[in-house]
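S.K.: So the sequences go chain by chain: A and B. All residue numbers for the first sequence refer to the working numbering, where the first residue is 1 and numbers rise by one. All residue numbers for the second sequence refer to the working numbering, where the first residue is 1 and numbers rise by one.
Identical copies go unnamed one by one, so any copy, or any two together, can satisfy a pair.
Calculated pairs, PhoX-like style, for lysine-lysine (alpha carbon to alpha carbon, straight line, at most 25 Å): (1) K113 <-> K97; (2) K311 <-> K228; (3) K221 <-> K129; (4) K308 <-> K225; (5) K225 <-> K311; (6) K105 <-> K125.
These are calculated hints, taken from the structure and not from any lab test. For clarity, every value in this text was computed on a predicted model and none was experimentally measured.
Protein chains: 2
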Amino acid sequence: MKGSSVDRRTILAGLLVSAATLSVSGRSARAQSDPLPSWNEGQAKTSILDFVSAVTREGAPDFVPAPERIATFDNDGTLWCEQPMYVQLAFALDRVKALSAKHPKWKQKQPFKAVLDNDIAMLAKAGEKGLVELVMATHAGMTTAEFEQIASEWIGSARHPKYDKPYTDLVYQPMRELLAYLRANGFKTFIVSGGGIEFMRPWSERIYGILPEQVVGSSIKTQFKVDKDGAVLVRLPTIDLVDDGPGKPVGINSHIGRRPIAAFGNSDGDFQMLQWTTGARGRRFGLLVHHTDAEREYAYDRKSPFGKLDKAIDAAGANGWTVVSMKDDWKRVFSFQ
Amino acid sequence: MKGSSVDRRTILAGLLVSAATLSVSGRSARAQSDPLPSWNEGQAKTSILDFVSAVTREGAPDFVPAPERIATFDNDGTLWCEQPMYVQLAFALDRVKALSAKHPKWKQKQPFKAVLDNDIAMLAKAGEKGLVELVMATHAGMTTAEFEQIASEWIGSARHPKYDKPYTDLVYQPMRELLAYLRANGFKTFIVSGGGIEFMRPWSERIYGILPEQVVGSSIKTQFKVDKDGAVLVRLPTIDLVDDGPGKPVGINSHIGRRPIAAFGNSDGDFQMLQWTTGARGRRFGLLVHHTDAEREYAYDRKSPFGKLDKAIDAAGANGWTVVSMKDDWKRVFSFQ
Chain A
1 MKGSSVDRRT
11 ILAGLLVSAA
21 TLSVSGRSAR
31 AQSDPLPSWN
41 EGQAKTSILD
51 FVSAVTREGA
61 PDFVPAPERI
71 ATFDNDGTLW
81 CEQPMYVQLA
91 FALDRVKALS
101 AKHPKWKQKQ
111 PFKAVLDNDI
121 AMLAKAGEKG
131 LVELVMATHA
141 GMTTAEFEQI
151 ASEWIGSARH
161 PKYDKPYTDL
171 VYQPMRELLA
181 YLRANGFKTF
191 IVSGGGIEFM
201 RPWSERIYGI
211 LPEQVVGSSI
221 KTQFKVDKDG
231 AVLVRLPTID
241 LVDDGPGKPV
251 GINSHIGRRP
261 IAAFGNSDGD
271 FQMLQWTTGA
281 RGRRFGLLVH
291 HTDAEREYAY
301 DRKSPFGKLD
311 KAIDAAGANG
321 WTVVSMKDDW
331 KRVFSFQ
Chain B
1 MKGSSVDRRT
11 ILAGLLVSAA
21 TLSVSGRSAR
31 AQSDPLPSWN
41 EGQAKTSILD
51 FVSAVTREGA
61 PDFVPAPERI
71 ATFDNDGTLW
81 CEQPMYVQLA
91 FALDRVKALS
101 AKHPKWKQKQ
111 PFKAVLDNDI
121 AMLAKAGEKG
131 LVELVMATHA
141 GMTTAEFEQI
151 ASEWIGSARH
161 PKYDKPYTDL
171 VYQPMRELLA
181 YLRANGFKTF
191 IVSGGGIEFM
201 RPWSERIYGI
211 LPEQVVGSSI
221 KTQFKVDKDG
231 AVLVRLPTID
241 LVDDGPGKPV
251 GINSHIGRRP
261 IAAFGNSDGD
271 FQMLQWTTGA
281 RGRRFGLLVH
291 HTDAEREYAY
301 DRKSPFGKLD
311 KAIDAAGANG
321 WTVVSMKDDW
331 KRVFSFQ
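When you get a sec, could you build the whole thing from the sequences and use the hints?
M.R.: And the structure:
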């Protein structure tokens with residue numbers, strides 16, 4: 001701007017820097033590269049980098065041995081999109097429609113009638129009891145292998161109404177980078193979700209790199225049987241664990257058996273998981289994703305029927321939890337954007 | 001035996017072999033060394049080596065990718081000694097005695113009276129209902145952190161009545177080698193035990209190299225609470241999962257989310273775990289430890305109150321399960337022998 005000589009100096013300096021960068025070995029170039037490229041610089045990103053550095057530096061006061069580096073992630077609204085409704089609810093509604101020919105009485109019976117009529121207002125009135133009825137009618141009564149196949153086929157063909165993409169494309173790119181970054185630093189990454197454990201396991205490895213044994217979720221009871229097909233587990237219409245709110249520390253204790261040192265959520269359903277994680281001695285990390293981005297994703301918090309964030313965000317300051325503003329802290333939300 | 005010249009030849013040959021062994025590099029010596037030195041040569045050892053070779057040889061018809069190499073191990077009687085009673089029962093009885101001063105009514109109330117009187121015959125009459133009462137009185141009513149401390153302190157001081165050693169010394173050396181051998185071949189090793197999940201986790205890493213998240217066991221329900229000590233989980237006197245018999249496939253499915261490709265047990269409580277494991281398609285492996293060694297350990301099967309082995313051993317042949325005779329197949333039982 002101030003004349004061609006200055007511009008040339010800048011360009012030359014730039015070329016020199018590039019040459020220097022190229023001359024370092026591939027190994028140090030990788031070490032120096034940004035592990036979280038989809039995160040804007042700012043307090044949220046810095047807090048993550050500082051925490052990981054503190055607990056992985058051998059000999060440092062906050063060092064944590066690798067086997068104890070447990071990080072737990074909520075799924076809906078934290079790792080992937082939960083609007084306009086939880087993905088698993090979309091699955092349950094589709095299943096009601098697919099099964100309705102076999103259940104003629106559903107046309108007259110709530111909450112099934114509301115689903116078949118696409119009457120969302122009436123469905124909302126059915127409340128939690130109605131939702132449980134829908135889940136039991138669509139998630140139980142088959143073997144675990146049959147359910148895995150049904151869920152896998154559905155996720156392979158269903159598409160999100162706003163983005164017209166498979167749901168598995170609606171993973172937050174910054175969170176995918178965060179998962180990889182933590183694992184590269186010796187962390188074990190677990191999903192701890194209110195969603196169904198057997199609904200998530202068929203694709204958690206493919207989309208998050210999280211193995212089935214590292215998925216914790218809500219569950220229904222199963223029963224072992226040896227029938228003509230051999231040994232099977234039959235899914236029963238009985239709730240086992242509601243892995244949400246105060247159920248999350250219970251699920252973590254049952255499946256992992258250690259308190260996490262880092263926990264990531266986005267709603268009041270994650271409040272107790274963050275309390276359980278950051279309330280222990282030693283350096284701990286809690287993070288809430290705040291959905292502030294109506295343009296690239298959705299903007300919602302205290303009044304949302306899915307992913308309500310109210311008490312947990314009010315408690316963030318006193319607990320030292322990092323709050324991520326999706327709009328400000330994320331360079332991009334989805335990999336396709 | 002045939003004269004000094006032969007003996008001398010033998011000795012010389014022996015020395016030559018030793019020298020040759022010493023001259024190979026450390027690396028090849030390790031590669032060629034026996035991964036299961038406490039196992040006698042025979043069908044049991046061969047079946048293990050053949051199976052591991054078949055599922056780990058890339059490109060071979062039975063190859064299994066590493067993340068799917070799940071091996072599940074029963075604990076009592078499979079990895080460590082379960083006689084003259086389950087270790088956890090010895091713990092419960094000691095706890096009743098330790099707590100009895102606070103519970104004066106136990107002196108008149110069964111099954112507590114039987115424990116305090118050391119009346120094993122009367123205790124046996126209390127049956128499963130009595131055992132559950134003992135477990136609830138001794139395993140519930142405290143936080144998970146408090147229980148971990150109680151169990152850790154007990155295991156650190158209690159001694160086995162026959163061997164006069166800490167229980168943690170009564171791990172079967174051949175099985176310890178097997179765990180290490182499987183892990184060296186990319187397997188993930190899980191405990192799947194009828195014993196309490198939180199009773200085993202405090203020492204499973206130290207004695208077996210099995211991390212808390214790879215321990216599956218029976219459990220009672222817990223409840224999340226924030227009290228003056230911060231966030232805690234309180235252990236409730238309510239059964240959650242009985243991880244025994246048909247409960248083992250249920251526990252495996254809940255915690256691991258994949259069918260194992262290898263399972264190791266010693267009693268009818270492991271029958272369904274072996275069915276669930278070996279009943280799937282592809283190369284699978286099932287093994288039963290048969291306690292045939294009254295001298296070095298114990299000899300028991302069909303009539304034993306602990307670790308009864310009856311239906312499972314009858315089914316071994318038809319299912320292709322390997323049966324290990326402790327007396328014949330194990331060079332030594334414990335590391336101190």
